[in-house]
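S.K.: Chain A is fixed; fit chain B onto it per the hints.
As given, the protein sequences belong to chains A and B, one line each in that order.
The working numbering numbers the first residue of the first sequence as 233 and each following residue consecutively.
The working numbering numbers the first residue of the second sequence as 233 and each following residue consecutively.
Simulated from the structure, these hints should not be mistaken for laboratory data.
All C-beta atoms, glycine included, are put in the ideal place defined by N, C-alpha and C.
Hints should not be assumed to be uniformly reliable.
Claimed, not checked - Which bits of chain B does chain A cover? Going by a derived footprint, with three or more residues having C-beta under 8 Å, they are: (1) 322-330; (2) 372-386; (3) 403-414; (4) 422-436.
Spelled out from the first residue to the last, the chains are:
2 protein chains.
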Amino acid sequence: MKDEGMIVVLSGFSGAGKGTIMKHLLQEHPGEFHLSISATTRKKRQGEEDGREYFFKTREEFDDMIRQHQLLEYATFNGNSYGTPRDYVEKLVEEGKDVLLEIEIQGALQVKKLYPSALLLFVMTPTADDLKDRLVGRGTETQEVIAQRLAISAKESSYMPGYDYLVVNDEIDRSVALVYSIIRCEHYRTARNIETIKQMQKELRKFERR
Amino acid sequence: MKDEGMIVVLSGFSGAGKGTIMKHLLQEHPGEFHLSISATTRKKRQGEEDGREYFFKTREEFDDMIRQHQLLEYATFNGNSYGTPRDYVEKLVEEGKDVLLEIEIQGALQVKKLYPSALLLFVMTPTADDLKDRLVGRGTETQEVIAQRLAISAKESSYMPGYDYLVVNDEIDRSVALVYSIIRCEHYRTARNIETIKQMQKELRKFERR
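Just chain A, same shape as in the assembly (with noise of 0.2 Å):
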């Protein structure tokens, strides 16, 4: 019983550990879901390959693809763009298949605009003080930079009730596992199951009486 393949966008606040839940999730549950790689117009590092990491695009052609409506949602970094592919993705789904996208709060609405069907779940701390405590304690940030994180996530806080799930982030299996099972149950959703219910309806006619 699966219509079709699920987008699931794992997202949330910065330093909320959308990313170790996400890695966690993949290593836990290999070959279950397929991530998706984003398309960027940032420089292809050591290592890296096309396709692997990154699609990598020179600035016109990722200028092109918005333009094409090619892809699904698109931010820009310190002069560098970051976009998800729509072909990529959604050729997974029509496959059946799960296509895991951690990005952040306004690519996530992005989506759910184009995919309503999409599941958005929200990774936040147990309290905002934890927050603070995480970026702190990473020590790879300065204090104005944290300061920076802390101000933009009270401003997204405003967009959680957009999203279909939170993801209290206090244990790390904890959550993993808590994802896991939220996916695997969103696919027993009446409205992802349409074509189950014809079958059945159709099925049951032979029983009907006049």
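M.R.: Just chain B now, kept in the frame of chain A:
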């Protein structure tokens, strides 16, 4: 993270196994769910206790409950009326408890209309022939009654899209685990955690920049 309890309705085709799923669910997770106790005009049988199997009511009392909107849903079978007392269910939900209702399809839709946040699960067999086989296999019904039930199922199948989830009951242990998992995951739905979201938004305000 559990803002409130849920009304969980287990419903579906007669013979699909909703009663068995319900029984296993309660046995395997003692104390985790509360079973709604119906009011009925049916005569108390030997060994039954008021408030345990049913709340036993006179016809007059039952009709009063209907008039005073004290029933979430009700239906009449073979001259006996059965209904779900509103107070009892609402009190448990307010206390944060999940209340299970095993009711017919018409009643389930009445509940969803009153409580859009109620979780409606539709239990079905893999195929229509499986449904017939199970009714025949019980050996308790006449051919005529089985034909009637199948005809009712054929009609009722048009209401399937009004449910939240489909549970294809092919293997009882798998179905019980799925129902349990669905209920657990639903608690993380954004729409069921508005207070958690408000709390996080409030906490994050201190990081805002003007």
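S.K.: For every hint, state whether the structure bears it out.
M.R.: The hints, checked one at a time:
1. For the region 322-330 of chain B, the stated coverage by chain A is not satisfied: 0 residues place a CB nearer than 8 Å to a CB of that chain, which falls below the threshold of 3.
2. Note: the region 372-386 of chain B has 5 residues with beta-carbon separation from chain A under 8 Å; the three-residue rule is met and the coverage holds.
3. Under the rule that three or more residues need a Cβ within less than 8 Å of chain A, the assignment of the region 403-414 of chain B holds, with 3 such residues.
4. For the region 422-436 of chain B, the assignment as covered by chain A holds, since 10 residues bring a beta-carbon within under 8 Å of that chain's beta-carbons and 3 suffice.
Comparing the model with each numbered hint stated earlier shows that hint 1 is the single one that does not hold.
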